[in-house]
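Sequence order for the protein chains is U and F. Heads up: the first sequence runs through residues 1 to 114, numbered per my numbering. Heads up: the second sequence runs through residues 1 to 111, numbered per my numbering.
If you are wondering where the hints come from, they were derived from the structure by calculation, not from laboratory data. For clarity, every value in this text was computed on a predicted model and none was experimentally measured. Watch out, some of these pointers could steer you wrong.
[Stated by the list, open to error] List of simulated lysine to aspartate or glutamate pairs, EDC-like, C-alpha gap at most 20 Å: (1) U:55 - U:38; (2) U:71 - U:38; (3) F:5 - U:51; (4) F:56 - U:101; (5) U:3 - F:58; (6) F:106 - U:101; (7) F:54 - U:59; (8) F:5 - U:38.
[As the list claims (entries may be wrong)] Sample of chain F residues with no beta-carbon within 12 Å of chain U, all distances over it, derived: (9) 2; (10) 13; (11) 14; (12) 26; (13) 28; (14) 31; (15) 32; (16) 34; (17) 72; (18) 100.
The beta-carbon is built from N, C-alpha and C at its ideal position, and this holds for glycine as well.
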Amino acid sequence: DVKVTQSSRYLVKRTGEKVFLECVQDMDHENMFWYRQDPGLGLRLIYFSYDVKMKEKGDIPEGYSVSREKKERFSLILESASTNQTSMYLCASSKQGGVADTQYFGPGTRLTVL
Amino acid sequence: DQQVKQNSPSLSVQEGRISILNCDYTNSMFDYFLWYKKYPAEGPTFLISISSIKDKNEDGRFTVFLNKSAKHLSLHIVPSQPGDSAVYFCAVGAGSYQLTFGKGTKLSVIP
Chain U
1 DVKVTQSSRY LVKRTGEKVF LECVQDMDHE NMFWYRQDPG LGLRLIYFSY
51 DVKMKEKGDI PEGYSVSREK KERFSLILES ASTNQTSMYL CASSKQGGVA
101 DTQYFGPGTR LTVL
Chain F
1 DQQVKQNSPS LSVQEGRISI LNCDYTNSMF DYFLWYKKYP AEGPTFLISI
51 SSIKDKNEDG RFTVFLNKSA KHLSLHIVPS QPGDSAVYFC AVGAGSYQLT
101 FGKGTKLSVI P
């Protein structure tokens with residue numbers, strides 16, 4: 001079974017703090033993704049990575065950066081957290097490229113920025 | 001501008017009856033279509049998919065129908081069960097890595 005784990009289920013941070021969200025997958029998948037889910041907006045792609053040290057912007061990259069130093073780990077960084085970044089953050093991975101490849105999601109991190 | 005629309009935020013269905021969830025898309029270049037299911041406090045899980053060369057794909061109680069001319073797909077669940085109560089997301093893509101998700105439809109199956 002594919003397992004995608006996220007470092008925290010709940011996180012509370014203050015405005016202006018630097019925030020790290022960590023994601024680890026254990027199935028040697030090539031691709032990893034970060035989404036945010038907001039009520040009434042569905043899932044929106046922030047960044048994705050198709051290889052170590054490679055990254056691509058998704059639909060809403062502003063205010064975020066990512067790091068992929070190892071194949072199994074993909075980090076989302078909020079350089080200076082703001083209240084409009086309060087959201088549910090979901091990490092996903094897939095074995096290979098292409099939209100036909102199933103994405104496996106982690107349980108999510110609910111981030112609150114005060 | 002929404003490329004993928006799920007116009008019903010919620011749907012209630014009696015146990016044993018059919019659930020029909022709908023999704024519309026705007027770009028005819030999309031060639032792969034998926035449904036994901038999400039329970040509270042869990043990540044979405046893949047449910048069923050269909051490519052543009054087909055108009056129907058069936059997996060047990062779940063069937064996805066694709067109408068390319070209308071740019072419309074639907075998910076049928078027959079018979080509906082209380083355990084099917086979840087949020088269902090439609091997702092579309094066109095060969096790249098990126099999927100575009102709809103806003104989701106919350107299905108409630110009433111025992």
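Violations among the numbered hints, reported as their numbers in ascending order: 1, 2, 3, 5, 6, 7, 9, 14, 15, 16 and 18
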